[in-house]
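2 protein chains.
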Amino acid sequence: MADPRKTSLNTATVRQQWSLEQCIEGCARHSFAAIAPWRDMLAEMGVERAARHIRDAGLSVSGLCRGGMFTASDAAGLRKARDDNRRAIDEALAIGADCLVLVVGGVPGGSRDIAAGWTQVENGIAAMLEYSRQVGMPLAIEPLHPMYAADRACVNTMRHANDLCDRLGEGVGIAIDVYHVWWDPELFAQIRRAGKKRILAFHVCDWLVPTRDLLLDRGMMGDGVVDIPAIRAAVEAEGFDGLYEVEIFSAQNWWQRDPDEVMQTVLERMITSV
Amino acid sequence: MADPRKTSLNTATVRQQWSLEQCIEGCARHSFAAIAPWRDMLAEMGVERAARHIRDAGLSVSGLCRGGMFTASDAAGLRKARDDNRRAIDEALAIGADCLVLVVGGVPGGSRDIAAGWTQVENGIAAMLEYSRQVGMPLAIEPLHPMYAADRACVNTMRHANDLCDRLGEGVGIAIDVYHVWWDPELFAQIRRAGKKRILAFHVCDWLVPTRDLLLDRGMMGDGVVDIPAIRAAVEAEGFDGLYEVEIFSAQNWWQRDPDEVMQTVLERMITSV
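Protein chains in written order, with our numbering: chain A, 310 to 583; chain B, 310 to 583.
Here chain A stands alone, though its shape is the one from the complex (with noise of 0.2 angstroms):
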């Protein structure tokens, strides 16, 4: 079992039901530790007035989601991108994330060229980090499902993240979602290699059987096929001594739930199956 004390609410999982400034609110009556906003949510608010409100909640924030998206089909779109995740930078600095998540992008827009892709990902990420590493912002690599490889992230595996985090050196790791990466057999190898200074964020959720969406599908913990527990077990063996951060798009089932049980089922599930 995990410590649900150690929970925090990717506002994603709610996000159908409630502003920011009700998930902040939830957090806190919930008596979770985190919040990770997505950015969004986070401008609707007011980044100042969000970053006050989490404050004064008393809660952490285990990341930004997200920056990345770095393919695109010619320079302006490159130029673009940089612009946003420093933009993106910021906005983590200013709301204290532990780290910023990046959704890397897929294959560049109107190409066949997932390799084209892999060089701008890599590209993209140096460019950010001689600032992100002047201001002390992490940056977590989150490999997403191979199904997103096409039109949202074309970094698919712990092994080419890890290969991304060897080549690109100190301030950038990993953010670890079980949704992404449970069905990879290198996926214990990959989380050694990986170790406690380059695993930044731990996200639960669980792979449903059937799966009737790419995207809005995704379970709560324990109503699924995945592992977790010896994932975090994994994670954990390596030093990892972070929040537990539930990310849960769910439009047919949790998005159309009262947002209250929703927080009270993930704090139970992490005692019962994370």
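Do not take every clue at face value.
[To be verified] Each pair of labels, with its calculated beta carbon distance range:
{"no.": "1", "chain 1": "A", "residue 1": "536", "chain 2": "B", "residue 2": "521", "range": "27 to 33 angstroms"}
{"no.": "2", "chain 1": "A", "residue 1": "569", "chain 2": "B", "residue 2": "331", "range": "30 to 36 angstroms"}
{"no.": "3", "chain 1": "B", "residue 1": "442", "chain 2": "A", "residue 2": "501", "range": "33 to 39 angstroms"}
Hints in this document: simulated from the structure, not taken from any laboratory. Note that the Cβ used here is the ideal one computed from N, Cα and C, for glycine as well.
Got chain A; can you put chain B on it based on the hints?
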């Protein structure tokens, strides 16, 4: 461009419109080189009758879809899979298939133990090999996209398939379907590792953006983001000179069209997009 005279029709591509008998006639009419029937359609037509029609039409059989489904929650389930796979070998022999394609099965039912699935798969193939070697029917492990790890196949990368082949020895190889493996940064290295001897089949279709369904929204070659010519070139650089098998599950598009239009489009796309 790929030589359209080497095209094989996987019958799933027009399964909503045509019976196997109509597929055979269609392949002959459109000058396809080969066919790859699914077992349910084969059973419906009758194996011997289908074999005779395929022979009379002058068609090769690029593979039989499918054996496998080795994973189960108990000994009775494992035995049932073993018996069914023996029958699948006999059917593949009867129709003169180049190989029996194996979709290996997902996480054992009711469990969260994907590693147990991996072991059952390896044991299951090992148990088949005595008979398949004796009768000379090559077994082709098809790594499926990781989004099928839970419920269809827990072998999801070329690396894993190659590892299995290393351990299992003679008589087993790999069916490479671009849909399942296109995203993998190790793809080209693992194609080289497989080499001519292990590459038993090459399947084409495309990954659409967006993909609206996990199972039934595959694209026609050229309509998605997969660089199919690059993968074909890599496979043929190893010496593969087999057929191009087209397998498109497409509930909302290609399954709704006149199957003769589908066949014609396949041949055109061989030239422009494979």
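Hint check results:
Separation of residue 536(A) from residue 521(B) is about 30 angstroms and conforms to the stated range, judged on CB atoms against 27 to 33 angstroms. In this structure, residue 569(A) and residue 331(B) break the distance hint of 30 to 36 angstroms, their C-beta atoms being roughly 57 angstroms apart. A hinted range of 33 to 39 angstroms holds for the C-beta pair residue 442(B) and residue 501(A), which are about 37 angstroms apart.
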